[in-house]
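For the record, the sequence lines run as chains A and B.
Note that the first sequence covers residues 1 to 199 in the working numbering.
Note that the second sequence covers residues 1 to 199 in the working numbering.
If you are wondering where the hints come from, they were derived from the structure by calculation, not from laboratory data.
A couple of the hints might just be wrong.
Computed footprint of chain B on chain A, listed as stretches where at least three residues anywhere in the stretch have a Cβ under 8 Å from a Cβ of chain B [said to hold, decoys possible]:
{"id": "1", "stretch": "44–54"}
{"id": "2", "stretch": "68–75"}
{"id": "3", "stretch": "96–107"}
Cβ coordinates follow ideal geometry from the N, Cα and C atoms, glycine included.
Protein chains: 2
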Amino acid sequence: MTVAEILPRSGVGFQIQQGQVLRVIDPEGAQVSDLLAYNAADVREVISNGRTFDYEETIALTTGNRIWSNRSNPMLTIVEDTVGRHDFLLTPCSEATFRHFYPEQPVHRGCFGNLAVALAPYGVEPDMIPCAFNLFMNVPIASNGRLRVDSPVSGPGDYICLRAEMDLIIGLTACSAYASNGGSFKPIHYDVAEAPMPA
Amino acid sequence: MTVAEILPRSGVGFQIQQGQVLRVIDPEGAQVSDLLAYNAADVREVISNGRTFDYEETIALTTGNRIWSNRSNPMLTIVEDTVGRHDFLLTPCSEATFRHFYPEQPVHRGCFGNLAVALAPYGVEPDMIPCAFNLFMNVPIASNGRLRVDSPVSGPGDYICLRAEMDLIIGLTACSAYASNGGSFKPIHYDVAEAPMPA
Numbered sequence: 001m002t003v004a005e006i007l008p009r010s011g012v013g014f015q016i017q018q019g020q021v022l023r024v025i026d027p028e029g030a031q032v033s034d035l036l037a038y039n040a041a042d043v044r045e046v047i048s049n050g051r052t053f054d055y056e057e058t059i060a061l062t063t064g065n066r067i068w069s070n071r072s073n074p075m076l077t078i079v080e081d082t083v084g085r086h087d088f089l090l091t092p093c094s095e096a097t098f099r100h101f102y103p104e105q106p107v108h109r110g111c112f113g114n115l116a117v118a119l120a121p122y123g124v125e126p127d128m129i130p131c132a133f134n135l136f137m138n139v140p141i142a143s144n145g146r147l148r149v150d151s152p153v154s155g156p157g158d159y160i161c162l163r164a165e166m167d168l169i170i171g172l173t174a175c176s177a178y179a180s181n182g183g184s185f186k187p188i189h190y191d192v193a194e195a196p197m198p199a
Numbered sequence: 001m002t003v004a005e006i007l008p009r010s011g012v013g014f015q016i017q018q019g020q021v022l023r024v025i026d027p028e029g030a031q032v033s034d035l036l037a038y039n040a041a042d043v044r045e046v047i048s049n050g051r052t053f054d055y056e057e058t059i060a061l062t063t064g065n066r067i068w069s070n071r072s073n074p075m076l077t078i079v080e081d082t083v084g085r086h087d088f089l090l091t092p093c094s095e096a097t098f099r100h101f102y103p104e105q106p107v108h109r110g111c112f113g114n115l116a117v118a119l120a121p122y123g124v125e126p127d128m129i130p131c132a133f134n135l136f137m138n139v140p141i142a143s144n145g146r147l148r149v150d151s152p153v154s155g156p157g158d159y160i161c162l163r164a165e166m167d168l169i170i171g172l173t174a175c176s177a178y179a180s181n182g183g184s185f186k187p188i189h190y191d192v193a194e195a196p197m198p199a
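Generate coordinates for the entire structure from the input sequences, incorporating the hints supplied.
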């Protein structure tokens, strides 16, 4: 497929097949994209940060790491990553997080609202939205456990590629929160490549 | 109420009212207890590690911190804590985690299985079990993101007290995994106190 664009502060839902590779590109740099993945055959199976941290034995996920489901199955494998800095600790920004963190700013439905709308046609209800795998999101943790949301370290054209380990419903956004994106809202690009032919 | 005992490698489910204080005690020391909390009026609302990390701005939760729900409501407030070392990164141990981490040992249903059985009467299905708040669990994170499961630092009689911020269904275990509990399986004690009278 050609490269598709997710407009600033919006989101999309689509299906990919086992073995296909999803590439998510930060075209301008310093833009976060929240990624969700559900088992296309049963959307009650979904990515889980806790299962992933447990099996991968790290919170710093990059090439070679897998994203696991709540049912302990691998859903995605990171096969390429030009950034190496993502977040799987925090939940998608939402109306409630805008009211909490940006009381002076207009409320936005955020990634949570965008994902809920994009995934509703697949039978995903809002309460079935867990922590997203937040691509390019930069959340340093201090030695005392305190966390910060810094601007992404991704530059223009940086990308991450994830191979589907089962047929998946994907939710993907161009993130809407101020701190996560260095204060401005940019698009996200993505494409889906067929699995490489066996040698 | 008097102090109740959770037998080693088992779990319980029970209801507490808004304002009541749940005290969870490690009677012998070095024993983890996985805690889940659901809105008693609608069990689709449940504790969320991501929302909690976001609003509390830390992964090191102790006295004064709140445990937030997937709907951005505070569910529990930590009002006392003699340990100060808990985990909210990892999911409950399960048959799958036993097969993964302890292939030489008999498979156990783990905290996940114990919670699923204990919470089924309240309408909680296994897929509705998220990351638990793992009391006394000791998960250091290195500066490169790698995590380890160490023995708890809790000693005999150490405890944590959590005030309910809404009517809650609680799931609570004496954890079943080897590494989490220093290699041996001990009981957990708990009680529920009425809210203090207004002055």
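Broken hints, by number
Those not satisfied: there are none.
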